[in-house]
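Heads up: the sequence shown begins at 1 in the numbering used here, then just goes up one per residue.
Hints listed in this document are in silico derivations from the structure and should not be mistaken for laboratory results. Hints may contain errors.
FRET-style restraints, in silico, Cβ to Cβ [to be verified]:
1. R75 <-> A55: 28 to 38 Å
2. L15 <-> M53: 12 to 22 Å
3. L10 <-> Q64: 53 to 63 Å
4. L27 <-> N67: 16 to 26 Å
5. S4 <-> Y50: 43 to 53 Å
6. A56 <-> L27: 18 to 28 Å
7. E24 <-> S77: 25 to 35 Å
8. I45 <-> L10: 47 to 57 Å
9. R80 <-> V6: 50 to 60 Å
10. I21 <-> R42: 42 to 52 Å
The C-beta atom is built at its ideal place from N, Cα and C for all residues, glycine as well.
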Amino acid sequence: MAFSSVNKTLLIFILSSLAVIGIESILQMAYAAEGGETVIRRVVIWDLFYRMMIAAFMVGAVVQGLNAYICWHNRESNPRWKKISNTGGKI
């Protein structure tokens with residue numbers, strides 16, 4: 001299956017964003033440890049987990065909302081999709 005240029009660009013954007021977020025979180029933990037502050041890694045890991053879960057829930061909510069909108073917009077009872085017969089009432 002061939003990807004279009006838009007799909008490739010979107011895929012590159014998503015993967016690079018994830019890479020930047022991962023590198024930023026690792027650097028944030030490393031620099032916090034050098035500052036003389038005590039870092040409890042368990043707390044930092046759970047903090048990252050909760051941040052990612054919030055992002056995942058927000059993306060999921062957007063996807064589910066879009067899915068509900070598409071299903072509601074393209075339902076069979078929508079007047080735009082009813083077939084108009086020009087055969088004098090016979091279908």
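- Whether the CB-CB distance between I45 and L10 falls inside 47 to 57 Å: violated, 29 Å
- Using the C-beta atoms of L15 and M53, is the stated range 12 to 22 Å upheld? holds, 20 Å
- Query: Between E24 and S77, is the Cβ distance one that fits in 25 to 35 Å?
  - Reply: violated, 49 Å
- May I ask you to test the hint 28 to 38 Å on the CB atoms belonging to R75 and A55? holds, 31 Å
- Message: A range of 42 to 52 Å was offered for this pair. Does it hold for the Cβ distance of I21 and R42?
- Response: violated, 20 Å
- Distance restraint evaluation - S4, Y50, Cβ atoms, bounds 43 to 53 Å: With Cβ atoms ~36 Å apart, the hint is violated.
- Cβ distance range 18 to 28 Å for A56 and L27, holds or violated: holds, 23 Å
- Query: Is 53 to 63 Å right for how far apart the beta carbons of L10 and Q64 are?
  - Reply: violated, 20 Å
- Message: If I claimed the Cβ atoms of R80 and V6 lie 50 to 60 Å apart, would that claim hold in this structure?
- Response: violated, 28 Å
- Query: Do the beta carbons of L27 and N67 sit within 16 to 26 Å of each other?
  - Reply: violated, 37 Å
In terms of the numbered hints stated before, the structure departs from hints 3, 4, 5, 7, 8, 9 and 10, listed from lowest to highest.
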